[in-house]
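Below, each chain spelled out in residue letters.
Protein chains: 2
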Amino acid sequence: MNHPVPKGFRLAGVHCGVKSDPTKEDLTLITTDSDAVAAGVYTQNVVHAASVKQNRAKTPFDRFRVVIVNSGNANACTGQRGEQDARELTRLAAESVGAAEDQALGMSTGIIGEFLPMDALATGITAAKARLAADKAAFESAVRGITTTDKFVKVASRCLDIDGQAIQVTAMAKGAGMIGPNMATMLCVVMTDATLDAPTAQRVLSNAVNESFNCMSVEGHTSTSDTVLLLASGAAGVPLLAAADEPQLQDAVTAVCVELARMIPTDGEGASHLITIDVQGCATREDAHQIAKTVADSPLVKTGIAGADPNWGRIISAAGYSGVQFDADKLTLSINGTLVYENSMPVAFDAATVSASIRDNHETNLQFSLGEGESSIRFWTSDLTVDYVRFNSEYTT
Amino acid sequence: MNHPVPKGFRLAGVHCGVKSDPTKEDLTLITTDSDAVAAGVYTQNVVHAASVKQNRAKTPFDRFRVVIVNSGNANACTGQRGEQDARELTRLAAESVGAAEDQALGMSTGIIGEFLPMDALATGITAAKARLAADKAAFESAVRGITTTDKFVKVASRCLDIDGQAIQVTAMAKGAGMIGPNMATMLCVVMTDATLDAPTAQRVLSNAVNESFNCMSVEGHTSTSDTVLLLASGAAGVPLLAAADEPQLQDAVTAVCVELARMIPTDGEGASHLITIDVQGCATREDAHQIAKTVADSPLVKTGIAGADPNWGRIISAAGYSGVQFDADKLTLSINGTLVYENSMPVAFDAATVSASIRDNHETNLQFSLGEGESSIRFWTSDLTVDYVRFNSEYTT
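So the sequence lines, in the order shown, correspond to chains U and D. The working numbering applies: residue -18 is where the first sequence begins, and numbers increase by one. The working numbering applies: residue -18 is where the second sequence begins, and numbers increase by one.
Keep in mind that the hints were calculated from the coordinates and are not lab data. Hints may contain errors.
A short, non-exhaustive set of chain U residues, derived as facing chain D with CB atoms under 7 Å [unchecked claim]:
no.: 1; residue: Val27
no.: 2; residue: Ile93
no.: 3; residue: Ser279
no.: 4; residue: Pro280
no.: 5; residue: Ile297
no.: 6; residue: Ala309
no.: 7; residue: Ser325
no.: 8; residue: Val370
no.: 9; residue: Ser374
So, partial list: chain D residues that the calculated Cβ filter (under 7 Å) puts toward chain U [to be verified]:
no.: 10; residue: Gly60
no.: 11; residue: Ile93
no.: 12; residue: Glu200
no.: 13; residue: Thr203
no.: 14; residue: Thr205
no.: 15; residue: Leu281
no.: 16; residue: Thr284
no.: 17; residue: Gly294
no.: 18; residue: Ser298
no.: 19; residue: Gly301
no.: 20; residue: Tyr302
no.: 21; residue: Ser325
no.: 22; residue: Pro327
DMTMM-like, lysine to aspartate or glutamate: derived pairs with alpha carbons at most 25 Å apart [unchecked claim]:
no.: 23; chain 1: D; residue 1: Lys34; chain 2: U; residue 2: Glu323
no.: 24; chain 1: D; residue 1: Lys39; chain 2: U; residue 2: Asp308
no.: 25; chain 1: U; residue 1: Lys311; chain 2: D; residue 2: Glu64
no.: 26; chain 1: U; residue 1: Lys34; chain 2: D; residue 2: Asp308
no.: 27; chain 1: D; residue 1: Lys311; chain 2: U; residue 2: Glu64
no.: 28; chain 1: U; residue 1: Lys(-12); chain 2: U; residue 2: Glu227
Glycine is no exception: its CB is placed at the ideal position from the N, C-alpha and C atoms.
So that you can see chain U by itself, here it is in the shape it has in the complex (with noise of 0.2 Å):
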């Protein structure tokens, strides 16, 4: 892979023990050298965990300098003893960089209901601090070190020229669905040099993540954990980012998102195919959104996309229960491509090139449109395969 990283940001990965094997890394630190902005969005789960509610308490804001992320311990439902924990490993994160506990930010995922290993992870933050550097090993490292059950490692990068001026951004995430005892975790940070402020980019931030991660779903169980940052150094010396340029630093932050958050379905367990569903025609996105995510949690149109069965009936079902009222005799649905439902009626087409399709390509296409209106959507999620129900069914306690 080739993703430069952004000026002003130093990281490094190690392994200090959270995880038994002891080539994996385990503990992440990404740091900026000076003050920095940093933006977050995070999980909807009531119950969450520490790291989650400390973070959100602290972004936005301009005085950035550390995020530690830890793997293989998500230190949620640990009661008031987690929450002192996080405190304390953003504390000694910032005492490592020389910084104050309120300039640093923490993540955590892996298994829920364990205390952290203070020790070895403060041992860790030592070890990763005399690492810290900004080259493709230092940044190979940290990437490793904030996965858990991920087959593939997720970054993705975009250079931008705004101006004459050039800018990066670049950014890693982790996720997979969720296994065994572990509530597997979406994270993600964003880092670019580009010069913002924290307004700026929380709007920026918000607005990439609607388009991504709030739009893709393994099983539709939301984790404790989940969070996004995107920080900004301002290191590659270029002014305050201007209004009239805003949207080019947009499409960059939602493109390296999107990118992103197709790959977590695409690793999702057992997961055979990553399943494209665009929702066009609605009254409102939010429409469009809860007809997507319907079709996506829909057990049955899972497992007949896994069985590359252009099962047309499963799919319309789905949106027409999804709660979003509109006219069935307008709905028409297109599987890769092909017209299989129009005016209340199945359209004659060839189910064997259909199913042909599905059971060929790694991704499938599912196409409403619904006749309501303008707004639209793109979703994406895993089909539902013998292999995820046995991953995760026959784990025992």
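Based on the hints, put chain D in the right spot on chain U.
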């Protein structure tokens, strides 16, 4: 089974050729000897079968004479011709018993997107009319005539004594989740010989459905045809039900609906557990329903139970993302009577014992207490097994 047919009803189920297997009944007639009261509750899916639309326009009313049910073909997603066929079906059924078309209701369940075999059904109506009876054999043939993929028939009854007068409530249902190309459906007919006015019948039925069929899901995929009818013949010869006696009838109707509702996830495709979810201490019943349904539809919770895994983290976090706001610190969870989570922390418990209690019993109980109010709900679902996915993905059109 010993479930008396209430007075004033005659029934029959016959094979007419909708199903390919000639030993399987696929058409049922349920008639009353004179005008009766009928109330209905229907699917909320905006994509619904023609029969649902037509029944909804008629009920509640007091001129009911006959309901025709066919199984094997849902007559859903069949456009204008489907609507004409549904009207013709009720017209033929009404004619066979000497009634007007607006005195007949209809239900269809089975594959979607195909037109009804009207000639076969017309012949079947004549055959069924000739066999109408109130004996056990007639009742059993009628029950079989409404089933599709059900592994067992679903019937329940109660006998009431109101002011020294005997009232019979007997009900039949079908439903087992969904499989293959079929959009399996939940249908239920509750018969009573009590004397009710139409508004009372509708109120009693709606209340019963709220406590039973609306608190049950197999995979959260609402069918296009779900229908529950309450038919009151008044043939017991008792006076119009007094308001003071309504609670007694309500209890009986609710009880048969709950008994039938529990049978459906028990019969869920590939299901190995019936999961009973009790959510207590909520601010409103709607909150309790929302939490219970979210937990019931979580693939991670369902696969966990299939694997006999007392994975409280999945269960707690599913409650957390239901959309209901609550204080996570006050939440408690018990699995099969063992407290596993309290004060934002796991409670020390013997995981092997709880796991065995799941593995060794058909029924698993999850009990939440929220500490937010006095409202509660009981909800039923099935677990999610490898067999479910296999059934639902291995069929290819």
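Against the structure, the hints come out as follows:
1. Val27: 5 Å, holds
2. Ile93: Ile93 (chain U) check passes; min Cβ-Cβ to chain D is 4 Å, inside 7 Å.
3. Ser279: Since the shortest Cβ distance to chain D is 5 Å, the answer is holds.
4. Pro280: 4 Å, holds
5. Ile297: The hint holds - Ile297 (chain U) has a Cβ within 7 Å of chain D, the shortest such distance being about 6 Å.
6. Ala309: Holds, about 5 Å.
7. Ser325: Constraint on Ser325 (chain U) satisfied, holds at 4 Å.
8. Val370: 5 Å, holds
9. Ser374: 3 Å, holds
10. Gly60: For Gly60 (chain D), the interface hint holds, since the closest Cβ of chain U sits about 4 Å away, which is under 7 Å.
11. Ile93: 4 Å, holds
12. Glu200: 4 Å, holds
13. Thr203: At about 4 Å, which falls below the 7 Å cut-off, the nearest Cβ of chain U leaves the hint on Thr203 (chain D) intact, so it holds.
14. Thr205: 5 Å, holds
15. Leu281: 5 Å, holds
16. Thr284: 4 Å, holds
17. Gly294: 4 Å, holds
18. Ser298: Constraint on Ser298 (chain D) satisfied, holds at 5 Å.
19. Gly301: Holds. Min distance 3 Å.
20. Tyr302: Holds. Min distance 4 Å.
21. Ser325: Status holds, d = 4 Å.
22. Pro327: 4 Å, holds
23. D:Lys34 to U:Glu323: Distance ~19 Å between Lys34 (chain D) and Glu323 (chain U) Cα, so the pair holds.
24. D:Lys39 to U:Asp308: 21 Å, holds
25. U:Lys311 to D:Glu64: 16 Å, holds
26. U:Lys34 to D:Asp308: Satisfied, since the Cα-Cα distance of roughly 13 Å is no more than 25 Å.
27. D:Lys311 to U:Glu64: Distance of about 16 Å is within 25 Å: holds.
28. U:Lys(-12) to U:Glu227: 19 Å, holds
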